[in-house]
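Residue numbers (our numbering), protein chains in the order written: chain H, 1 to 200; chain Y, 1 to 177.
Among these hints, one or two may not hold up.
What the hints assert, rightly or not - Label-pair ranges, simulated between beta-carbon atoms:
no., chain 1, residue 1, chain 2, residue 2, range
1, H, PRO178, Y, ASN150, 28 to 38 Å
2, H, ARG8, Y, GLU98, 39 to 49 Å
3, H, GLU57, Y, ASN65, 36 to 46 Å
4, Y, ASN65, H, GLN46, 47 to 57 Å
5, H, GLN122, Y, GLN62, 42 to 52 Å
These are computed hints drawn from the structure, not numbers from a lab. Quick reminder that beta carbons are idealized off the backbone N, C-alpha and C, glycines included.
Chain residues, written in single-letter form:
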Amino acid sequence: MNFAAVRRMALVAAVSLGLASCGINTVPAAEENAKAKWADVEAQFQRRANLIPNLAEVAQGAAENERAILTEVTEARAKATSINVSADDLGDASKMQELAAAQGQMSQGIGRLLASFEAYPQITSTQGYLTLQSQLEGTENRIAVALRDYNEAVRQYNTTIRTFPDTIGANIIHGAEPLVPYTAVTEGADVAPELDLTSD
Amino acid sequence: MRGCCRTVLLGVGSLALACGCAPEETETPPALELTGRVVDAAEILDEQFEKNLTQRLELLEQDTNVQLVIATIPDLQGYDISDYGYQLGRDWGIGDAERNDGLMILVAPNERKVRIEVGLGLEGLVKDEEAAEIIRTGILPKFRTGDFENGISQGVDGLIVEVTPIEPKPAELKEAA
């Protein structure tokens, strides 16, 4: 191998190294990661929404108060499902906020509903109720974990596109815009409702 | 006071935890060392019991590939047991990273909480309602009398049933052949 060839190779190596370190690969990778994490969040939201009909069935056996809360929950569900935050909307702060509000309302409603069912031993002692309760609680937990993972992925992505040298590639080549983390607008929206399994 | 003592607040349900993920979260990881299949940090278990239990858990992994870890913690440090649980599971990397099939029974005797953590890959075998049922009917009745060892045994028994594939009975085999 002659000197020129070595120099050419070194140049190629240097250029590719330079490219690699200015965000050519890291920016899309971080973005894809955040999008994948968002897909998890969506799946878990969907899972919770799918449990609402079962909740409605249980509420049939309860009183006016519970049916009123149930109406709130189903309305929040309709609202939440109508707001579609796709992977391309992750930079849309107002849309994200809207979704968080609807999801938060639904979450709180479910928590209140479960709490008020405690007054009905004839409901809470049934196998169907116990199953539903554990599924709802498990789903709340999964949502909380998925949201935290998403927020962490967003944090990493946003740091990547703002930090030198990745920011060069992010701005010039990718035109990367920061993503919006999911913020609970109402307390408890991304936190599992505390279910009191008190027995005495 | 009496009511207070008899009150048992428990977080039940199972949760998808990404066991085996590289510990990269920024949240404060629980400071508890994974020293074996049974980590009795709260010191509520007899040494011989731990030994026997460890053997059972080894056998379980041989038979089913499922890693089940039992942890007792003296202090949740203000964390919700579900938060503590999934972070601990990830931190320890329980289960196979690809299959995501870690299982953990987490006991916080001082906060009177217990939880079964289920890796994402095992959610089909150990469903939320099944985990809750194991806690409600197997673990809790023993824990309420202060019998942590038998409560944990019940929990392990219940989980083993869930993760062990059902073998067809000899009669059914004959029919199939």
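Going through the hints against the structure:
1. For the pair PRO178 of chain H and ASN150 of chain Y, the supplied restraint of 28 to 38 Å is violated, since their beta-carbon distance comes to about 54 Å.
2. In this structure, ARG8 of chain H and GLU98 of chain Y meet the distance hint of 39 to 49 Å, their C-beta atoms being roughly 41 Å apart.
3. The hinted range of 36 to 46 Å is satisfied by GLU57 of chain H and ASN65 of chain Y, whose Cβ atoms lie roughly 38 Å apart.
4. For the pair ASN65 of chain Y and GLN46 of chain H, the supplied restraint of 47 to 57 Å is violated, since their beta-carbon distance comes to about 30 Å.
5. Between GLN122 of chain H and GLN62 of chain Y the Cβ separation comes to about 46 Å, which falls inside the hinted range of 42 to 52 Å.
Checked against the numbered hints given earlier, the structure breaks hints 1 and 4 and satisfies all the rest.
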